[in-house]
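As numbered in the numbering used here, residues 1 to 382 make up the sequence shown, in order.
Bear in mind the hints are in silico, worked out from the structure with no lab data behind them. Heads up, some of the hints might be wrong.
So the derived label-pair ranges between C-beta atoms look like this [unchecked claim]: (1) 91 to 200: 55 to 63 Å; (2) 177 to 270: 28 to 36 Å; (3) 119 to 255: 24 to 32 Å; (4) 251 to 73: 47 to 55 Å; (5) 370 to 188: 53 to 61 Å; (6) 184 to 213: 37 to 45 Å; (7) 184 to 277: 29 to 37 Å.
Even for Gly, the Cβ is constructed at its ideal location relative to N, Cα and C.
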Amino acid sequence: MSPVNDDRRPGRPRPRRAPFALALLCLLAAAGTARAERVEDLASVAGVRSNQLVGYGLVVGLDGTGDQTTQTPFTIQSIENMLAKFGVTVPPNTNPMLQNVAAVTVHASLPPFAKPGQTIDVTVSSIGNAKSLRGGSLVMTPLRGADGQVYAMAQGSILISGFGVEGKDGSSITVNIPSSGRIPNGATVERAVPNSFDSSPYVTLNLNTPDFTTATRLTDAINKLLGTGTAEALDAVSVRVRAPIDSSQRIAYVSTLERLEIDPATPPARVIINSRTGTVVISSEVHVMAAAVASGSLTVTITERSDVSQPNAFSNGTTTVTPRSTLDVKQEQAHMFEFPAGVNLDEIVRAVNSVGAAPGDLVAILEALKEAGALRAQLIVI
Numbered sequence: 001m002s003p004v005n006d007d008r009r010p011g012r013p014r015p016r017r018a019p020f021a022l023a024l025l026c027l028l029a030a031a032g033t034a035r036a037e038r039v040e041d042l043a044s045v046a047g048v049r050s051n052q053l054v055g056y057g058l059v060v061g062l063d064g065t066g067d068q069t070t071q072t073p074f075t076i077q078s079i080e081n082m083l084a085k086f087g088v089t090v091p092p093n094t095n096p097m098l099q100n101v102a103a104v105t106v107h108a109s110l111p112p113f114a115k116p117g118q119t120i121d122v123t124v125s126s127i128g129n130a131k132s133l134r135g136g137s138l139v140m141t142p143l144r145g146a147d148g149q150v151y152a153m154a155q156g157s158i159l160i161s162g163f164g165v166e167g168k169d170g171s172s173i174t175v176n177i178p179s180s181g182r183i184p185n186g187a188t189v190e191r192a193v194p195n196s197f198d199s200s201p202y203v204t205l206n207l208n209t210p211d212f213t214t215a216t217r218l219t220d221a222i223n224k225l226l227g228t229g230t231a232e233a234l235d236a237v238s239v240r241v242r243a244p245i246d247s248s249q250r251i252a253y254v255s256t257l258e259r260l261e262i263d264p265a266t267p268p269a270r271v272i273i274n275s276r277t278g279t280v281v282i283s284s285e286v287h288v289m290a291a292a293v294a295s296g297s298l299t300v301t302i303t304e305r306s307d308v309s310q311p312n313a314f315s316n317g318t319t320t321v322t323p324r325s326t327l328d329v330k331q332e333q334a335h336m337f338e339f340p341a342g343v344n345l346d347e348i349v350r351a352v353n354s355v356g357a358a359p360g361d362l363v364a365i366l367e368a369l370k371e372a373g374a375l376r377a378q379l380i381v382i
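Could you put together the complete structure from these sequences and hints?
Shown next, in the form of structure tokens:
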């Protein structure tokens with residue numbers, strides 16, 4: 001039963017729900033329609049993962065928006081090293097002003113099982129003081145993995161979503177980030193990353209969210225489908241499954257596992273508070289024990305002003321300034337409402353919104369309930 005009932009209070013206007021309350025009610029409705037999910041949406045196969053690649057290169061062809069080489073000497077050094085590879089020698093004691101060039105870092109994610117000759121997208125970001133990379137082209141840049149080996153080569157024209165303009169008086173307008181962009185299919189894979197997918201008699205499924213109940217249900221579903229003893233839960237994350245050694249059979253075997261549907265465990269009761277934006281998210285399993293809450297605010301306003309005392313023209317007095325302070329204390333009417341034992345998310349939202357509490361007030365109420373031991377949930381501040 002809801003703690004706030006309009007029928008009990010004749011003449012009281014029906015409370016208007018705040019937008020964040022509607023969002024929480026939608027979350028509750030979604031939680032009530034939970035259904036079985038595919039294993040591939042809940043877990044990943046151990047050893048099947050992407051690898052990060054990074055490289056250092058140069059972007060050329062800019063329209064005067066490149067690095068100011070007097071402040072970025074490493075750009076000049078990179079240009080000299082590149083020209084030296086082509087047999088061009090830069091005269092000593094020269095300081096070339098190449099504002100059409102920018103030093104950049106290039107990074108990409110190498111997908112699992114990527115083979116030489118395939119292409120991947122890369123992201124290019126300025127590391128100097130270049131104003132924009134629009135119109136520039138990345139020259140051939142090796143991309144290395146954590147082991148220092150080259151796994152891909154990147155090159156191509158950069159796509160920039162932002163732009164920046166500047167007037168002669170120093171005024172400027174910038175939209176998005178013009179010093180970073182992407183090159184679709186901008187890198188060619190040169191080396192495959194070895195993996196242990198078919199080197200073990202087992203396939204290990206790692207849950208995206210650790211949960212003992214979900215791991216148990218996954219193990220039971222696999223054993224029911226493929227036979228007792230096929231799967232074994234190692235912990236709250238990993239489930240080890242016996243798999244065929246032949247690679248072609250193993251691929252079809254893993255495909256069968258990924259299409260298997262199970263009912264994941266209900267997530268723990270949590271209240272998530274974003275301290276920067278004031279956003280509050282309450283999971284459907286949150287319950288509150290019996291408690292009474294009063295919500296109100298005290299506002300103190302201090303106004304400072306100075307009064308000038310001007311003496312008579314024929315007197316010997318002096319002009320004086322007298323400071324005056326005005327204090328105004330305003331306390332809004334506190335609203336008291338009661339939480340019966342075991343109320344759920346819907347009743348919490350209705351009770352809080354019935355007193356017109358803002359998200360900031362809701363945070364204070366939840367923190368007080370947690371300290372009082374009445375909130376049956378984890379209170380997490382991010």
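Tested hints:
With their beta carbons about 60 Å apart, residue 91 and residue 200 fall inside the hinted range of 55 to 63 Å. Between residue 177 and residue 270 the beta carbon distance is about 34 Å. The supplied range of 28 to 36 Å therefore holds. Range check, residue 119 to residue 255: about 25 Å between beta-carbon atoms, so the 24 to 32 Å window is met. For residue 251 and residue 73, the Cβ-Cβ distance of about 52 Å falls inside the hinted range of 47 to 55 Å, so the restraint holds.
Distance hint check for residue 370 and residue 188: the Cβ-Cβ separation is about 54 Å, which falls inside the suggested range of 53 to 61 Å. Checked against the given bound of 37 to 45 Å, the beta carbons of residue 184 and residue 213, roughly 42 Å apart, stay inside it. As the Cβ distance of residue 184 to residue 277 is approximately 33 Å, the hint placing it in 29 to 37 Å holds.
Of the hints listed earlier, there is not a single one the structure fails to meet.
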